[in-house]
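Colleague: Mapping of the sequence shown onto UniProt numbering: residues 1 to 268, in sequence order.
Hint data in this document are derived by calculation from the structure and do not stem from the laboratory.
Check before you lean on any hint, since a few could be wrong.
What the hints assert, rightly or not - For each label pair, taking beta carbons as the anchor points, the in silico distance ranges come out as:
1) Lys204 / Ala25: 20 to 30 Å
2) Thr197 / Gln130: 40 to 50 Å
3) Val194 / Tyr23: 29 to 39 Å
4) Pro179 / Phe153: 27 to 37 Å
5) Phe133 / Thr197: 44 to 54 Å
6) Thr97 / Leu178: 16 to 26 Å
7) Ser13 / Ile127: 56 to 66 Å
Said to hold, decoys possible - No farther apart than 30 Å at their CA atoms in a straight line, the calculated lysine-lysine pairs in the DSS-like style are these:
8) Lys84 / Lys206
9) Lys114 / Lys174
10) Lys174 / Lys199
11) Lys195 / Lys114
12) Lys84 / Lys114
As the structure is a prediction and not an experimental result, all values here were calculated from the model.
Heads up, the beta-carbon is just placed ideally off N, CA and C, and yes, glycines get one too.
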Amino acid sequence: MTEQSVLAWILASALGLFTLFVYVAARRKDSNRRALLEARRESVKNIATTSGECISSCGSYIDADVIIVGAGVAGAALAHTLGKDGRRVHVIERDLTEPDRIVGELLQPGGYLKLIELGLEDCVEEIDAQQVFGYALFKDGKHTRLSYPLEKFQSDVSGRSFHNGRFIQRMREKAALLPNVRLEQGTVTSLLEVKGTIKGVQYKTKTGEVLTAFAPLTIVCDGCFSNLRRSLCYPKVRLLILLHIIISIIIKGIVILTLFASMTMDVH
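Produce the entire structure from the sequences given, and follow the hints as far as they go.
Modeller: Take a look at the structure:
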C-alpha cells in the first residue's frame with residue numbers, strides 16, 4: 001500500500017506540475033497577444049493613408065494575420081490556402097454577389113492541376129462545367145484538331161469551360177467554410193502606411209460605415225482596374241488605352257460585331 005501511495009503521490013504531483021505549466025504558458029501567450037495588440041493600436045494612432053490623409057483609429061479594430069483585398073480567383077484561392085495553413089485571414093470584397101461578366105471561361109489543364117494541388121478541384125463541380133480536351137481549327141472548308149497532351153494524367157485531368165462567376169462563388173464558399181477565414185463585403189478606399197510599411201486598410205462597409213483593419217501582411221488582389229496597386233508602383237504604372245476593340249458573337253447563326261472604345265488597362 002505504501003508503494004502505491006507513493007506512486008499515486010508522484011503521479012498527482014506530475015499532473016499538477018503539468019497543469020501549472022500549461023496554465024502559465026497560456027497566460028504568457030495571452031499576455032504577449034495583448035501586448036502585440038496594444039502595440040499595434042499605438043502604432044496606428046496617427047497613420048497616413050496612401051492618399052496622404054491622416055486618420056486616428058476610426059471604426060472598429062479587426063485583428064488578422066493577413067488581409068486580402070478582393071475575392072476573385074486569386075483572392076479566394078489565396079484565402080483558402082492561407083486559412084488551411086492556420087492563418088487568420090480577413091478578406092474584403094467590393095461585391096460578394098455572383099459576378100456576371102464574360103471573362104475567364106476556360107481553365108486550362110495546368111490550371112486544373114493547380115486546383116488539385118490546392119485542394120480546390122471540387123470548385124468546378126455543380127457549376128455545369130464542361131471538360132475541354134483541345135481545340136478545333138476550321139478554315140476554307142478544312143479542319144484539324146489540336147489535343148492537349150494528357151496521356152500521362154488521370155482521366156479527370158482536362159481543361160474546363162464554365163461560367164466564371166459560378167466558379168468564383170464556389171471558391172468563396174469553400175474559403176468561408178474555414179473558421180479562421182472571414183469574408184466581408186466592403187470597398188477598400190486606401191492602404192494604411194507607416195514609414196513605408198503597409199499596416200492595413202481603410203474601407204467602407206456595405207452600410208456606409210468607415211472601418212480600419214490591420215494585419216502584418218496586406219495582399220491586393222482586386223483586379224486589373226485596381227486603384228490600390230497603382231498607388232504602390234514606382235515608377236507609376238502607365239495606362240495602355242485600347243481603342244477599336246472588336247468582339248464578335250454568333251446569335252442564331254448571325255455574326256454580330258460590337259465595338260468597345262476607350263478601354264484602359266494597367267501595363268506591368
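Colleague: If a hint holds in the structure, say so; if it doesn't, say that too.
Modeller: Going down the list of hints, with the structure as the test:
1. In this structure the supplied range 20 to 30 Å is violated for Lys204 paired with Ala25, their Cβ-Cβ distance being about 40 Å.
2. Checked against the hint of 40 to 50 Å, the pair Thr197 and Gln130 passes, with Cβ atoms roughly 46 Å apart.
3. With their beta carbons about 36 Å apart, Val194 and Tyr23 fall inside the hinted range of 29 to 39 Å.
4. As the Cβ distance of Pro179 to Phe153 is approximately 34 Å, the hint placing it in 27 to 37 Å holds.
5. Separation of Phe133 from Thr197 is about 48 Å and conforms to the stated range, judged on CB atoms against 44 to 54 Å.
6. For the hinted restraint 16 to 26 Å between Thr97 and Leu178, the CB-CB distance of approximately 21 Å keeps it satisfied.
7. Our hint of 56 to 66 Å for Ser13 and Ile127 holds, since their Cβ atoms are close to 60 Å apart.
8. For a cut-off of 30 Å, the pair hint linking Lys84 to Lys206 stands: about 28 Å separates their Cα positions.
9. A threshold of 30 Å between alpha carbons decides the hint, and for Lys114 with Lys174 the separation of about 16 Å falls inside it, so the pair holds.
10. For the suggested pair Lys174 and Lys199, the alpha carbons sit about 27 Å apart, so the restraint of at most 30 Å is met.
11. Taking the CA atoms of Lys195 and Lys114, the gap is near 37 Å; set against the 30 Å cutoff, the hint is violated.
12. Our distance criterion of 30 Å between C-alpha atoms is met by Lys84 and Lys114, whose separation comes to about 16 Å.
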